[in-house]
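Visitor: Dock chain Y against the given chain D, drawing on the hints supplied.
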Amino acid sequence: MSEPKIYFETVEGCKTSIMRAGSGAPLLFLHGANGASRWAPFMAELAKSFDVIVPEHPGFGRSDMPEWLDNVGDMANFYLSFMKQFDLKDVTLVGTSMGGWIASEIAVRDQSRLRKLVLVASAGLRLKGVPPADLFLWSQEELTRNLFHDKALAERLLAMPVSPEDSDIAVRNRVTTARLAWNPRLYNPDLEKWIHRLDLPTLVLWGRQDALLPVAYAERFREAIKGAKVQIFEDCGHLPHSEKSPEFVAAIRQFAGEA
Amino acid sequence: MQFFLFHLMPYADLDLAASDKYKSAWVTLPNSYYDPRKGHELYNRYLDELEMAEPLGFDGICVNEHHSNAYGLMPQPGVLAGALSRRTKKVKIALLGRALPLVNNPVTIAEEFAILDNITGGRFIAGFVRGIGAEYFSWNVNPAFSHERFHEAHDLIIQAWTKTGPFAFEGKHYNFNYVNLWPRPFQNPHPPVWIPSQGSTETIEWAAHPSRRYTYLQTFSPVAALAKYMQQYRDSAERQGWQATSDHLGWSVPCYVAETDEIAMREARPHAEAFYQKFLRMPPEMLLPPGYLSLQSMQGVLRAKAQMQSGEKSLEAVMESGMFLCGSAATVRDKILHFQKEIGFGKLLTMLQFATLPHELAVKNMTIYANEVMEPIRKAQPALAAAK
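Chains as they are written, first to last, in this note's numbering: chain D, 1 to 259; chain Y, 1001 to 1388.
Hint data in this document are derived by calculation from the structure and do not stem from the laboratory. Incorrect hints may appear among the rest.
[To be verified] Okay, derived cross-link-like pairs now, BS3-like style, lysine-lysine, Cα gap no bigger than 27 Å in a straight line:
#1 Y/1364 with Y/1379
#2 Y/1089 with Y/1364
#3 Y/1092 with Y/1163
#4 D/128 with Y/1341
#5 Y/1364 with Y/1090
#6 D/15 with Y/1172
#7 D/193 with D/128
#8 Y/1228 with Y/1341
#9 D/229 with D/193
#10 Y/1023 with D/151
#11 D/226 with D/128
#12 Y/1172 with D/193
#13 Y/1021 with D/151
#14 Y/1090 with Y/1379
The shape of chain D in the complex, shown without the other chains (with noise of 0.2 Å):
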């Protein structure tokens, strides 16, 4: 697996944690709830077609929290100075879960540095009648066994051992994740009356046994999105890129080799 470079750069105020790796046209990792403090094997294989660049989000992992960070439109402006700091321009912008919300918040303000948008198991919408698993009273264990579809693998995950920091890192994204979507929960209405005016090539990816964010989503966001492509994942939970790692990176190369 190609190493990653690991570094910190400061953009509005917070020092933020990057990984990054590949060289091509630039893709932005956003990270979900669980964060991203590794290199993960997708990335790597990301990293032969593209220029991966994987930001640990403000208040999250190795990042810093700053004051100003109260929800996710905060953090939606936050990644705009940050593509404009680095200059990243046709940015392939992939977003899983609640990175896909803070995504869908980046193109609804501005999608100039933008050149495609995937988003993965997005939070952000509502979909009414269809509420998505209360993560929050969910234990550790129970998050993983409930991410995933293949029992097994959540079993492996579960047996490895978790460090102190790798605990701490973990109570500190859950705050978080609390701080920016526990009400509304994992939606925001403006979003919903916006996301319209989205004019990007967008990519809809969701695993079909989704236990926190039913697969229904993914209707709702190729509704909302005009032109958005909706693939489904089999056998598969909330974290396409984890249990479906091969099927995920050959959907975003198709994807972004696509005219």
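Guide: This is chain Y only, laid out in the frame that chain D set:
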């Protein structure tokens, strides 16, 4: 020492077996388990029990706020305090408290408390809490803003009580053009403020600030934790340049007294065990949602409370840790005097009805406690009693 009778008004008719099918007796226990006919009887019975405190010689009575649970049926405690304010004439009425961060308009709490203070002619004691974690699920309030909202709501309420209105309040969570409280509180500058807590460092430091000097109440904790947090309050006061007295420290504890140790344990056992094993049962995620405590505080409380979250608390275990006082009057009196001497609290809030404990036993408990525990302690501490 001052003696208060504390009540939770539990749903005593809870189907204990059925409640085990759910994660907790909080938040997600269906309210189909609540029978309004039984509720009618319980509310009136519990108000009777609290009213009895006055002829029995207690200094005050206490109610509090919890939501969506069988543990305590006072989601709107001002209603109960209002009923009590007219039926009592001497005792203090402490509302411990309202959970400030839960409301979007804290002025309603300033108003409610001011009315109670007016009706009682200054017998009112104001309690401010953040609410326990479960409340943040039931009311869908973001726990990550709990501290911010608590402090801002507190400042707004104190200003509403003490500043001449109308004035503008410019906060982050609360904004008003015209704060102008009618009625103003009866007590000047405002009712005494008590802060019940389970040992959050931030709360202790904040309550002990020289500009506040609020009475700190430790609720339902092992004696070791009680001693630690009360020392923390004293230390914090000293660091901030003042000397805390026993008057600034209170202990809230369930208690059962009977003719002998043996009778007390036999009568209390099923109800005390139901209290700890059924009514209080909740997973850590529900008790401490993310952001409710600082990381440091979270680790501290988890260590102190590790036992409390396990469902298997026997009567012996809670007696051993001092989370439950039980025995003959002599046994309980000695324990209280011992802890009081060691820890130095000046207010003792005993909960003499708990979980499923029936009325007859609750009344017997209250009567023996008042006559054979409280009065002898008062006599043994003439100086304290006189200073009261």
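Visitor: If a hint holds in the structure, say so; if it does not, say that too.
Guide: Status of the hints after comparison with the structure:
1. Y/1364 with Y/1379: holds, 22 Å
2. Y/1089 with Y/1364: Judged against 27 Å, a Cα distance of about 23 Å means the pair holds.
3. Y/1092 with Y/1163: Holds, because 25 Å separates the two Cα atoms, which is no more than 27 Å.
4. D/128 with Y/1341: Answer violated: residue 128 of chain D to residue 1341 of chain Y is near 59 Å, above 27 Å.
5. Y/1364 with Y/1090: Satisfied, since the Cα-Cα distance of roughly 22 Å is no more than 27 Å.
6. D/15 with Y/1172: holds, 25 Å
7. D/193 with D/128: With Cα atoms ~15 Å apart, residue 193 of chain D and residue 128 of chain D stay inside 27 Å; holds.
8. Y/1228 with Y/1341: holds, 14 Å
9. D/229 with D/193: It holds: about 20 Å lies between the C-alpha atoms, which stays within 27 Å.
10. Y/1023 with D/151: With a Cα-Cα distance of about 22 Å, the restraint between residue 1023 of chain Y and residue 151 of chain D holds, given a limit of 27 Å.
11. D/226 with D/128: holds, 21 Å
12. Y/1172 with D/193: holds, 25 Å
13. Y/1021 with D/151: OK: residue 1021 of chain Y and residue 151 of chain D at ~24 Å, within 27 Å.
14. Y/1090 with Y/1379: holds, 20 Å
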